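Enquirer: Spelled out, the chains give:
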Amino acid sequence: MTSKKQTISTWQLMMLLLPIILATEVLPVTDLSAKFAHQRAWLATMPATLTGVWSILVMIELAKRHPGRNLVQYSSDILGPWLGKLLGVVFMCQALIYTTKVSAEAMTFISMFALPRTPKHVVLGLFLFACAIATWAGIEVLARCAETLIPILIGFSLFVFVFLLPNMHPSFIRPILGPHWLETIFQASIVPSGWYGEFLLMGFLLPHIKDVHKVRRSILWLLVGLGAFVTLVALQSTMVAGPLIEKFIYSYYITARYISLGDFFERIDPLIISIWMYGMIIKTAVCLYVLSICVVYLCDLEDHRLVVIPVTLLTLLCAMWFFPNIAQLRNFLLYTFPFEGALVQNILPTCLLLVDKFKSAVKRPVHA
Amino acid sequence: MNLEQAENITTWIWFTGGAMRKIRKPKSLIPKAPIVEIEHPIVEPQSVETVFLSTDLAVNEAELRREFENCSDVVLRSITCTDSNGRAIHMLVVYVDGLVDSKQLDENVLEPLLLRQLPTKDLTPALWIRDFLSEHTLPIAQTDVLTEISQIVDSVLRGAAVILVDGDRAALAAALPGWERRGIEEPPSEPVIRGPREGFIETLRTNTAMIRRRIRSPRLKMIHMTIGDLTKTDVCVAYIEGIAQKTVVEEVKSRLQRIQIDAVIESAFLEEFIEDQPRSPFPQLQNTERPDIVCANLLEGKVAIFTDGTPFVLLAPAIFWGALNANEDYYQRTYMASFLRILRISFMMISLLFPSLYVSMTTFQQEMIPTSLLLSIAAAREATPFPAVIEALIMELIFEALREAGVRMPKQIGQAMSIVGALVIGQAAVEAGIISAPMVIVVSITGIASFTFPRYNVGVSIRLLRFPMLLLAGLFGIYGMAIGLFIIIVHLVALRSFGVPYFTPVGPTQFSSLKDVFVRVPRWAMQRRQDGTTGENSLRIPSGQSPGPNRGNGPPRKRLSRRRQGAT
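Quick mapping for you: the protein sequence lines, in order, are chains L and Z. Per our numbering, the first sequence starts with residue 1, numbered consecutively. Per our numbering, the second sequence starts with residue 1001, numbered consecutively.
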């Protein structure tokens, strides 16, 4: 890697992790959960954070045991060069899935709502161009971007919430309980749980933190905040749109169209595109960064900048091949990603941690 | 003072203004610039070996005449005076007409030599006459003894009158600078309603004196250097020890010493050599004509670079948000100042985004416009032949051209220009149906917004970035604008000015420094200097000084004591 180690603060780490979870989750979370839980979508968001807690604890524990090393590096340390590299390739593919998924989401979102007549590939190309510039600049610049833009994003969402208050009908979330309520909630929480597992990316961000031991508390608070925020979003969408919610695509965006203040202030939804875009770009840029870091460490290269352009082009191709339309994307998000994600994001790092603990437990008597 | 003594003195003079001081060459302060072999030197060195003065005045005169060949403004005046013994002493006075104060030259140099009776001494006249002149006759603060021809040339060109005596190996230089200089007046580019009305002038010493008068502390350091092979421009680096970061001061000095250039005419010449990212559209140094702004920035730990010959002083490191802070913010009540800051920030966004927002809303996102407004815009745009983006580009270009013409034109014509421009654009183009009326409104609001910047050079960068944003909006609507804005922000947060991130305290968020960005808290609440630019001494104001009925000589109340305890 570069000779000078780039460092980020805990606050910057939080601001980087926040869009990683929020950017993709907020827009479709309500309608995807509502497919199973109907009016109880908002109850499904909290159990979903369990995978987040799991992932955070595992990743921070791994980072504490291997300070200054990233996921690819310490999987080689723990499992040996061959198996470690293999696991590194798996994580690399996961990072490629992230970049592909998010850029495909951005592409479908933009071409569906903002630029229906512009070729999708142009939209995607421009999006990935902006992401690649940020990735090229490095993690420090990305962190500063995040802490500049993310507060605006959060402020704007609260603003949307306040202005939607007159359109909310609390009766839409009734009945809160009912037959099979527990099953449906857990069924519905499987979909958002995949997104919370994306805390896996911390395995590549934590090496940039000065003191890993102080991070856990802040990140767990961040997770609580995220869970509350997503619950608020789900409640907001459900109370505005009612039973229609499961028919919508990108329900957050569509319910924001209900905003109308006087005759002047209405239809602010294109603003959501422009502001939510920042979250998506930052998330994609972080994922691109992680992907290029994976490539760099797997191939023993010097600088992540070497691979930014190839990796971006690969993402472009994958996004166009794998998700040519929104139906395939939603199928992937609903039926594939939660299970694939749980395997790679939660189970594999946990196994890694267990192997590491086991190894050190076996080794310790030798040292003593 | 004999020859050896004279040669041992390594003092040098540099006079550029009213306050003249004799300064020993600060060797320890100015480390030698790295020696770089230049294949083609910018200026041919005139004489490689040093030429010392001869005892023969005629030889010296010939040498000086050769040096100053074809310099019609250099005066070499031969005089002969007699001492009381009746011996004739030949002398030569060299000066540049216009650079020295001729009245002082007449009264203080020539009159005592020519009209007064000189005393008699046993020594040869050549040796005592210099001592006599400097110690008894000349009421001049700064004199110096020179032994080389090149030294003489240098001091003559800096505004000294040099007196050579026949039979002497050394010459006497008397500092008599007296060139014309502008009076101190309010800078027209940075006017204020409340605040000092002084502005810098073109003379370096006057400018540094204005700072010294405001900060009367020996911790205010001013380091001198000379830049430019031909112009030999005096440059002064000022900072406050303990408040400025040492690394930044060293960086400024070393970057200035690295410059190899023939001439420095304005401080912008230096700016382009010492900035961090030369390809950025954003200026990475602040410039100002106002001493109060320089003082305030020195107190925030910044470094000021004074350049002789220009009233514009450079301040480094500069941060982006400084461009939105006017000096008057600190002289006004805090609510007003905070309101103005928020207004400026919103108008900065308007000046960058408003034309592109209009274009993308009328072209792509019509649903954002309220129905009645949409109808009136549609009615106005019905007759216009161009798409909105072309219309906006034309209008923006015309506006920029008008503005430029208004600046460059003589004042009387400039006014006529703006009237014609306003009539042509505002009235005729709309009535002829070539340009729609809403576009005229948008462009004029943008024009007004771009003038709300207290710092002109940052406003220019924002104005330039408006055009790529306009193209992106024309191609991709509000999505293109978001992408464009993101790229600008990536650039801004990646930028550094002398190692300090340009977008602090927002970019790397420093919560304690945000008190002076979007709002301006009262003076007694700004207890610490801004993070990032300040060195070790960051405390400005001890806490607990908020005025109120609990302070002062009245009966002490419980709250006061509690607060005091909390503060200590």
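Don't read these hints as lab results, they were simulated from the structure. This structure is a prediction, so every number in the text was calculated from the model and none was measured. Backbone N, C-alpha and C define an ideal beta-carbon position, used for all residues, glycine too. Honestly, I wouldn't trust all of these hints.
[Unchecked claim] In silico lysine to any residue, SDA-like type, Cα no more than 20 Å apart, as pairs:
1. L:120 to Z:1363
2. Z:1515 to Z:1539
3. L:210 to Z:1274
4. L:214 to L:360
5. Z:1253 to Z:1274
6. L:35 to L:178
7. L:120 to Z:1474
8. L:120 to Z:1475
9. L:357 to L:67
10. Z:1515 to L:151
11. Z:1232 to Z:1269
12. L:210 to Z:1532
13. L:214 to Z:1509
14. L:210 to Z:1510
15. Z:1221 to Z:1210
16. Z:1103 to Z:1157
17. L:5 to Z:1475
18. L:214 to L:85
19. Z:1515 to L:155
20. Z:1246 to Z:1218
21. L:64 to L:10
22. L:64 to L:353
23. Z:1232 to Z:1255
24. L:35 to L:246
25. L:64 to L:360
26. L:247 to L:169
27. Z:1246 to Z:1232
28. L:210 to L:360
29. L:85 to L:97
30. L:64 to L:97
[Stated by the list, open to error] Under 7 Å between C-beta atoms, here's a sample of chain L residues computed to sit facing chain Z:
31. 110
32. 147
33. 261
34. 300
[As the list claims (entries may be wrong)] Output of the computed footprint for chain Z on chain L, the stretches with three or more beta carbons under 8 Å from beta carbons of chain Z:
35. 130–136
36. 275–284
37. 344–358
Enquirer: Could you check the structure against the hints above and give me the numbers of any it violates, in ascending order?
Expert: 3, 4, 17, 18, 27, 28, 30, 33, 34, 37
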